[in-house]
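Peer 1: As a plain string of letters, each chain reads:
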Amino acid sequence: MRSLHRVAALCSQGRCVIARRPGVLNPAAAVAAATSLALAACGGQATGSAPAAGSGKPGGVLTVGFSVQAPATLDPAKAPQNYAWFEELAYEPLIVQRSDGSLAPGLATSWSYTGTGNKIFVLHLRPGVKFPDGSPLTAQDVTADLRYVTTAAGQMSAFFAGDTFAATGPLTVTITTAKPNPDFPQILTQDDVIGDVISEKGLSSPSLLGTRTFGAGPYMLDPSQTVAGSQYTYMPNPNYYNKPAARWKKVIIKVITDPQSMLNALKTGQVDVANGDPTTIAAARQAGLTVTSTPDLWVGVTLADRGGGMAKPLANVQVRQALNYATSRAAISSALFPGTGTPTSQLIVPGGYGYEAALTNAYPYDIGKARQLLAAAGYPRGFPLRIVTGEYGGMNLVAQALAQQWQKVGVSLQVTDYANSNQYFAAAFGAKFPSFMTVFGQIPTWVEGPSLFLPPASFNPFRTSSAALAALYQQEALSSGEQQARLDQQIEAYLVGQAWFVPVATIGLPYYATKAVTGTTTSARAPLLELDEVRPAG
Amino acid sequence: MFRQVARWLASSVILLFLITALTFVLASMAPGDAAKAILSSQSGSYTAQQYQQTRRALGIDQPLPVQYWHWLDGVLHGSLGTDLFSSQPVTQELNARLGPSLSIILATVIVSGVVGVSLGIVSALRGGALGRLVDVVSLAGLALPNFWLALVLVELLAVKVQVFPATGYVPLGAGPGPWLRSIALPVLTLSAGAVAFVAKQTRDSVSEVMSREFVVMLRARGLSRRSVVLKHALRNAAIPVVTVVGLLLVSLLGGTVLIEDVFSIPGLGQQAVTAAGSHDLPVIEGVAFYFTVIVVLANLLVDLSYRLLNPRVRGS
Amino acid sequence: MTLAASSATTAPGQELPPGGVPAGRARILRELARGPLAVASAAYLATVVVLAIGASGLAPDAPATQDLAHVLSGPGAAHWLGTDRLGRDVLSRLMFGGRVTLLGVAEALVVFAGLGLTLGLVAGFVGGWADRVIARFGDLVLAMPGIIVLLMVLSVFPGDELATMIALALISCPTLLRVVRGSTLAIRGELYITAARLSGLTSLRIMRRHVLPRLVGPVTVQLSLFAAAAVLVQSALSFLGLSTPETQGPSWGNMVGEASDVISQDPWLLVPAGGTIVLTVMALGLLGDAVRDVTAGRHLGPPPRRRDAGPARRAPVRGPAAPATSLLSVRGLTIAFTMARREVTVVRDVSFDVARGEALGIVGESGCGKSVTTRALLGLLPGGGRVTAGSALFGGRDLAAMAERDFSRIRGNMIALISQEPMSGLDPSFRVGSQLTEVVRRHNAVSARQARARAAELLAMVNLPEPGEVLPAYPHELSGGMAQRVSIALALAGNPRLLIADEPTTSLDVTVQAGILALLRELRERLGMAIILVTHDWGVLADLCDRAVVMYAGEVVELASVEDIYRSPRHPYTEGLLAANPRLAPVGDVLPAIPGTVPPPSAWPAGCHFQPRCSYATDHCGAGPIALTAPDPGRLTRCIHSDKMVAAR
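Chains as they are written, first to last, in my numbering: chain P, 1 to 538; chain U, 1 to 316; chain X, 1 to 649.
Any given hint could be a false lead.
For lysine to aspartate or glutamate, the following EDC-like pairs were computed, each having C-alpha atoms within a straight-line distance of at most 20 Å [stated by the list, open to error]: (1) P:Lys408 <-> X:Asp61; (2) P:Lys243 <-> P:Glu533; (3) P:Lys119 <-> P:Glu482; (4) P:Lys408 <-> X:Glu469.
Residues on chain X that point at chain P, a partial pick, calculated with CB under 8 Å [to be verified]: (5) Asp61; (6) Ala62; (7) Gln66; (8) Leu91; (9) Pro245; (10) Glu246; (11) Thr597.
Worth flagging that the hints you see were computed from the coordinates, not collected in a lab.
Cβ coordinates follow ideal geometry from the N, Cα and C atoms, glycine included.
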């Protein structure tokens, strides 16, 4: 079923999932450049297609299929993560995220924390960079841009709250954060969008940022060949500092919301690379398309009312653990997410931040154990539990499956289903239900805190606090490297042990590509497809 | 003549007013508003203060009648407001989407008109089993789910045999050939059901006319069957058929929503659905406005053709 | 001066007159039961309803029972229609889902019917300002782009199918309103309603007893169409994700939505729910069609083409041989109609001759078959009629056995026809001039200008002296007399040798009548054209005709010169008619009408059709069909007692 409310993005201050259709998962999509339909070039605003011409050849046209609703604004300070593709073609970030998870220089050639406590972050900018209007990149530009992001009330701007930005040299920027932030570099990549630097010209007329681009990236949006809401055309930026990396003479992003249509567009060569859909994976493979997928989200239940104010049983950790034991994850995963789902008892995927192999099966399916724990907690006959669900990411299907499974231990789930994602968010984040179905992304643990498990987090509507968790988190903020990795694991282990959630499966969102292009791989720490790595095959 | 034009203008204006007002009321009754939608799409949670600020910025903190008055005022000055999400003028956005929707709607009307009338005539004349067959087949075309038919057509004509594009719309400016090819499949899908209406009504009307006395007299005077049917009978049967075609055009306004979704056509239908979901009031009003104008124009055309076809109306 | 009034039968093949046999429910059902498609549709719908209502008992599984190990399986032994995404049995869900869908449709129908009927009846019956207001309201609602309203309603009541259905009913009820209003207006104006009013029935009673039964047909059609639309809209909205969420239970809508999601993985899943919707929509539509066909009394389809010279069973031709000067010789012409799947003979053994330039009258009551006979001569029998025996020789060719394509050489060219209703004989949408030139050019190879000139000539010929005024006029702008003259002009355009005038003056004023008759006489003299004049008026007969044929109950009963018929009728029926003529009856006496009534074709006596009413009748009369005999040269009669009549005089 198609949700009307595709615009509604599940935006934690982490990865965003756009509400599109139940059963379909969409991460922030990275736009790839693909060969396109040359006909579109003849003047006018063509959104049309013809059999692919010049597919995949160097200097050809890349057409990318984007399966979610078109962005409401192209302003990088406001656009949610889902629209990273639209931004990264035209805006160069300070730090580049590579598809293997590593970071590379962007507009900043080097960066580091100075001092201890992860509070002072220094960036050294690349010399000789010019924006399309000819103006040079300076430290002033970057600080002005970062200040703009802070005030723009966008998805990630909360991360900059209270930070100060100073141009401590013509090409040096020093950021002093209000609180320790160990993951600053990650935030400044193209995947989180806010690292995309806007030129001074753009900053001086912010109303234009919604429909035109003012970045130093490899391409620029061509409004004359763009039809808002359906086709976005990018032409090469003559002033780009790394011309060879701009492989295509034109990049087009087409918005195609129906998964079948997207598949057909790929099959007929109208599109070269696109974000796919779990329901069409098998068909895509059969059609000979390259299918890339990395687990990126987990779907399951947030047992929010850990204080027991609304649902008394949830206050007891044994009850929450019992629910975890009563869940047959393998059955749900293979039935609902064939080919892309992996059952898991933890919130992190292999290779992700804080992953620990042992935790994946922390709660094997064991009805007996579940009943035992419930009895010990004083609920031998179970109890009713109210839960709210949206209709994307398959969460409503998982809810129904859980309802049947938990019935066996006497827990009767009373499911309220909101097709309208805004309504779902309001109900879930507004502490109207003691539990809610959840789809959440893979993000650095420190970034996860303010969205998932700290008292002010939106996914923690009952404001549960834990001294142990808070302590771990504070340590993490000040740590780095190995130590940070270990603390990540400890935090995640705590969450699993305390059964604050009932994760069911991790799911990957597929990308499809025709054989005409390559460079469409993804990894656990960079699950979004990076468009700049897509190149013609052969 | 002048009085009639004035009357038509007056009733059209009243219609526009009523429909946009009704839309305003309905849209405002829906839970949630644009401010919430914008804020939640930008960040997971927001403060009450941010919410109020956004509402003020968007102008939706005003009482309903005031908002409507502002909108009306804008209309009188030629503006339909701005999209709350993209800050673009509504007229600009909708005009860009008018072309695709109108192309498909008009082409469907023409195709289903021609095919439907022909089918209707044939089944009216041959009668019996053929008439029933036309009934059943055209009902089937009506009953089949649009989206399924669309997918089947795409599979057959765009994927297996790449005659037509699987998705997308090519504007007329890029050449009549590519334009026609890009709307062929959507039009085919929509026509499957539309033909049914037209064929049925044509058959009924033609049957009824053929049983009238003057048809017998025409034949008695030795006129050829072709002339009797195609010239005289059709002319007399035309009015109900024209009415149905007019109704068809109006119903296609809604029918394109599904089609635009499946074929990724950037049309008005798609815009209507999106705007409705995100409480983008100016766009919703704008779409209602455009739709109503189209309806009014369609009715005008139908009325004018009544005059042309029915000499009695012409005289009065 | 007319013959006795109409019989109860109507001419075969025509529609029932208004106020005739009302379309009672029982009759509708009986007629419906004859059509296989209607029966199949009704049976299907009944099955669906039964399965839905009885779902709790009949369904194999509970609709929510999942089997995660067997999701999206196709049809099989365990699950006849397969399973869905959560391994739930599709058949069970289809049955339970039917409840939601059908309930929604039912509720929508109630609103639709209630509003449409009430408003339509009020508007049609009360009229005046109520009518104006309601009609305006209806127009306004119809002009609203429905999709906008539906979308808005859905944002106010998300996922609520009932709200959507009711909204759909509201925006669609003007179609029903219009139909009801139109029918009510028409019925209200009919005489029998006025009569009912005058006799004291209250409006409500009138409505209930007279208006509502007549509305059954059109209203049922609209209801079935709307129900079909409601089901379709559900399916469409579900595709957009706007239907009842699955967590509230299955509905056909959300099953289709689910199927469209997984169409790539399991194309079969669309078939159960989608197929059910398609079949239901079709059943509703076909049922509506069938009801409409039955209540309109129409046979489906047009007059079937005359098949090429089917070897009809021809009885041996009887009667005197055709005189050499005969233009037209009809022998033993028998015509039958197919009514309600039975073939009924309506004209039997008709024989007469028409000489060149002669005027022959065919006289008889309404329904005696005189018009049918003339139509048969031109191959213009209405649907279901055919010549079953006899011949009609014209110029060496047998019109009774002629193929349709051969008639083109006869119609208009050799034989022309003018009919009773001058106005309805002309195409209302074309100007007189255009119709004239068309016929002229059909029969003569001339240019447009020549044709126009000829048209003006023809008008002059029929004594319409101002061609400039008449040619550009439309039929509705002409008076009755002018229209009839134009019809005559059209008939003359092909220079016919025989003109069949079917009651040409019946619907005209007496004064106009005289003019037309005079015209016909003049044309006959001038052009040497033969005329067959069909009439029930003795005065007209005497005015124009030399000889006459009297017809009764489908048979020729007497044929003689007009003088002979007047002076010495040789058939009891003719005698009775003349006696009942008010002009000829002695003043002050009771008018001697013929006792009894004319038998309809389905109830013809085996022997003489007039026997039951005849004062000369004996048992011999009923023994078998009576043949035409010639009591005197040049006369024919179908009575075995014709000598007695002479003797009685």
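Peer 1: Which of the listed hints are not met by the structure?
Peer 2: 4, 5, 6, 8, 11
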